[in-house]
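Visitor: Heads up: the sequence lines are chains A and B, in that order.
Position one of the first sequence corresponds to residue 1 (my numbering), numbered consecutively onward.
Position one of the second sequence corresponds to residue 1 (my numbering), numbered consecutively onward.
Worth double-checking, as some hints may not be accurate.
What the hints assert, rightly or not - Take a look, some chain B residues computed to stay more than 12 Å from chain A by CB distance:
| # | residue |
| --- | --- |
| 1 | LEU15 |
| 2 | ARG16 |
| 3 | THR18 |
| 4 | ALA61 |
| 5 | ILE63 |
| 6 | ALA103 |
| 7 | ASP152 |
| 8 | VAL156 |
| 9 | SER166 |
| 10 | GLN273 |
| 11 | ALA313 |
| 12 | TYR373 |
To be verified - These stretches of chain A come out as covered by chain B in the derived footprint (C-beta under 8 Å, 3 or more residues):
| # | region |
| --- | --- |
| 13 | 156 to 169 |
| 14 | 443 to 454 |
| 15 | 472 to 480 |
The set of hints was computed from the structure by calculation and includes no laboratory data.
Built from N, CA and C at the ideal position, the CB exists for glycine as well.
One letter stands for each residue in the lines below.
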Amino acid sequence: MKMLTKLIPKLAVLICLIVVIRPMMPQHEAGAYDLDTFAQLPVSAGGRTKPMDTVARNNLMIMSDRQTVTVDDVRRPAIWWLLEVMAQPEIANRYEIFRIDHPDVRSLIEANDKDKKRFSFEHLQMFAGDLNEQFTRVENTKNPNRTLYEKHIAELRDHATIYDGLIWKQTPYVVPPLVEGEAWRPLIEEIHPGHEGHEDHAQPSEAAKRFDNILIAYQAKNPTDFNKAVAEYATMLDQQMPDITRKSRFEVQFNKLEPFYQGTVLYVLAFLLISGSLLTAGMKSPGLTDALSKATVCILIFTFILHTFGLAARVYMQGYAPVTNLYSSAVFLGWFCVGMGLFLEWLFRNRLGSALAALIGFVTLIIAHNLADGDTMQMMQAVLDSNFWLSTHVITVTIGYSATFLAGFIGITYIITGVYTQGLTTDLSKTLGKMMYGVIAFALLFSFVGTVLGGIWADQSWGRFWGWDPKENGAVLIVLMNALILHARWGGMVKTRGMAVLAVFGNIITAWSWFGTNMLGVGLHSYGFMDSAVLWMLIFVVSQLAIMSAGLIPQSRWRSFMS
Amino acid sequence: MNSGIKKALAPLASLRLTVLLFTLAMILIFVGTVAQKYEGNWTVVDTYFRSLWLWMPIGIAGIKVPFVGGYSLCILMLVNLLAAHTVRFKLSWKRAGILLTHAGLILLLTGELVTGLFAVEWQMPIDEGSYANYAEDIREAEFAIIDPSPTDHDGVVVIAQAMLESHQADPQTGKGLPIIDPALPFEVRVLQWMPNSGLLGLQQINDPALTQKNPATEGLGAMALAVDIPRATGVDTSNMDAPSAYVQLTRKGESLGTWLVSLHAELMGDPRQPVTIDDKTYLIELRYRRDYKPYTLHLIDFRHDKFVGTEVARNFSSDVRLVDTENNVDRPVKIYMNHPLRYRGETFYQSGFFGESRTILQVVRNPGWLMPYAACALVSLGLIVHFGVMLKTFVGRVRR
């Protein structure tokens, strides 16, 4: 038994290493074609220079909700699919990549097989007449008023448009600016199949010709030529735009590592271990309890480093401060909560910090995963394009959100432990009270400073310090909520229990400010949103209200206080 | 401090009041946010936040309840805060942070009040290669009568919107006072003033009853009819009021003709209508109220870049030359996003553009613009001191 308990933390570290190293290993059978080098070629899409690999993954993810494609029962990487689409669309059109879920849309394309979720472009083409009519019809209804069916139709139309852009080589922009004054441009602008030598068309650039040769070699099923063409092209770019190719190669590695996906897995593992540790606490086997808690901390520190690396890598690749959209705010919020959780663990050594870190880390990364749609590293529109303000206002506000959530989760812990278990001793109650108080004070500082910095940014960019924009109002609600809790505590109106209930209400306020205000669809901050999120938001609010009402049950009825 | 005063102030200084005010503020802000889904931003701001009280909808069957407005809450919070510090004033390290924070909050709240009362926003459109020496108030119009005969300048008589409104003829009797200016050889009678209007081409109107009512006899009014429409809501500048008016020019009570003047004409780029009296031609127009500056801004180049292959704006920028002969200033300035020009108490922001070569600058005069900066610094410092002191004792206690 002792041996085993000693081994647990070491095992945990081993698992971490395996999780990180495994994806870096070649996953797909190395074929005759050098797809790895092709994947690293830099292109421009959505205004950002990125590797072909990212374009392939993002587009496939958008259309198919997956990063791989299955053809003839063989799973193929996204980059293989993109190459097929660009080089031989007539074959790639048969690959089933359009995910269609809505029953009415499915019946429109006669999708009778219930188990089949994805359809080929060829299949869609058979119903081109009906689909095009629906596509035009949906134009007449603008977004907030669209029915679910119309939204799915519009989505399918968008996906078809993206696909069209790929087969006609309008996107991504593959021809690099190698001469001063040039910009990235699409291949179709220089290579016109069937129109070679046409007087209207200027001579294609060297880069365009070379890129086209890659596709021709692939189409001709000639791996030797393909590999040679890719290698030559890559070497040329390496010489002429070394910074861009270096970044591009880095991004491919980042894509392979998927630090946030691995992080999610590890946070789950950490949470399971710490739950085990908490459960065994009463079982008189302190060795096991300690070993499990030690293993959790090991995993958490490791994952925190991985999470930090992921954020830093995004900053390097994108050239912006870490928070630029809802997706990255979720990743950052989680990261900060994990950091604070680890700090609380170091301070109190009661396993609670670890448990919260693991839980919030996991939940926020799941939220982030669901918020990701296409490239999560979009360019910032002019008014928001300021690294100074992104890294001051946005970061501080997000830290304020994080801390408010953390306080809320401590509140939940207090209520659940007190009401449903006998674990809420006087000591624990005191500790939780201190934790909550400290975290709320911290949250007040950051949410206030962040909100005011936002005002100053607004004053700098359009001369209005405060515009009562929904997002601004949301931020000020968080400030007021935290201030309210602290003043109520100072005035003796609430004690630890009241603070816990209020802190849980803080969760609702923060969720509203983070997501709810975006659901209103008004104001300068309403950057993009998904409908299913409204449902999740409601579920969250109801769950928090339920916990609050549990917390309002007279304490004499709480299990911890009954005996 | 007199203990009697302290006793009297005690209820005002209570933390219970603070918590109550915070709660009310949260409700007000929440409802005021949701209301923006249904009403224009400015309407909401005026009803909810810049008001003493309001009828607040509770979201059920259109029932409304009276509720405190933003100004009242702001004042009550200030009273609560000042009372609390009067009653409990004590100088110590433990209180220093709180004092600083609250001083910052007072500054922040007064700053917002100053902004709400004194800040003005104007627009300054400039065409490439041209210059502007005035800004326009797009929420107010004025009627201008221009005498272009002097060779070196234009003689201009301006009638403010308020004057047009107050001299409007009674719709029933048709009677109203004329506007008389010694510089003009005629009087101006306002037959009808429309705060927001739509313009209909006379040829497109099939209803003879409507065309017969057309009061205009000259110029634009002979081709189009202006109709009263409800005033615009919302903060969007593309959705702003376009007032029109029917004005009759008279001499010694005798009509010289009736003209339709409209902001629509201004927006279409052909605002001035000629009026010839005794062989002398005047130009009349209804335009946005102008505020002339003692300096000029020349637009050298306007740029509007997008990210490669997208419709996402990468930047807008205006290269301008600022010329102020009074102060011997003549220098190039680049105005772009997040980089306004501050000059003589006014701030110029890159706000929008029209076509490829006209920039629109937002001009703001806000005497309180520095207050939030100072407030932010004070509050941050205060919170850091307060929680820093707290954290020190806290960590010290836990670690021991």
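Visitor: Would the non-interface assignment of GLN273(B) survive a Cβ cutoff of 12 Å against chain A?
Guide: 35 Å, holds
Visitor: Take a quick look at ALA313(B) and tell me if its Cβ sits farther than 12 Å from every Cβ on chain A, holds or violated.
Guide: With a cut-off of 12 Å, ALA313(B) comes too close to chain A, as the shortest Cβ separation is near 4 Å.
Visitor: Taking the closest pair, is the beta carbon of ILE63(B) still more than 12 Å from chain A?
Guide: Its Cβ never comes within 12 Å of chain A, the nearest being 22 Å, so this holds.
Visitor: According to a criterion of three or more residues whose C-beta lies within less than 8 Å of a C-beta of chain B, is the region 472 to 480 of chain A covered?
Guide: holds (count 5)
Visitor: Confirm or reject: ASP152(B) is not an interface residue toward chain A, with every Cβ-Cβ distance exceeding 12 Å.
Guide: 35 Å, holds
Visitor: Please count how many residues of the region 443 to 454 of chain A have a CB within 8 Å of a CB from chain B and say whether that reaches 3.
Guide: holds (count 6)
Visitor: In terms of Cβ atoms, is chain A entirely out of 12 Å range of TYR373(B)?
Guide: At roughly 6 Å from the nearest Cβ of chain A, TYR373(B) sits no farther out than 12 Å, so the non-interface label is violated.
Visitor: Measuring Cβ to Cβ, find out whether ARG16(B) lies farther than 12 Å from everything in chain A.
Guide: 6 Å, violated
Visitor: If I take the minimum Cβ distance from THR18(B) to any residue of chain A, is it greater than 12 Å?
Guide: 5 Å, violated
Visitor: Over 12 Å from every CB of chain A: does VAL156(B) meet that, or does the non-interface label fail?
Guide: 29 Å, holds
Visitor: Would you check whether the claim that ALA61(B) is not at the interface survives, using Cβ distances to chain A and the 12 Å cut-off?
Guide: 22 Å, holds
Visitor: At a Cβ distance under 8 Å, does chain B reach at least three residues of the region 156 to 169 of chain A?
Guide: violated (count 0)
The structure fails to meet hints 1, 2, 3, 11, 12 and 13 from the earlier list, while all remaining hints are met.
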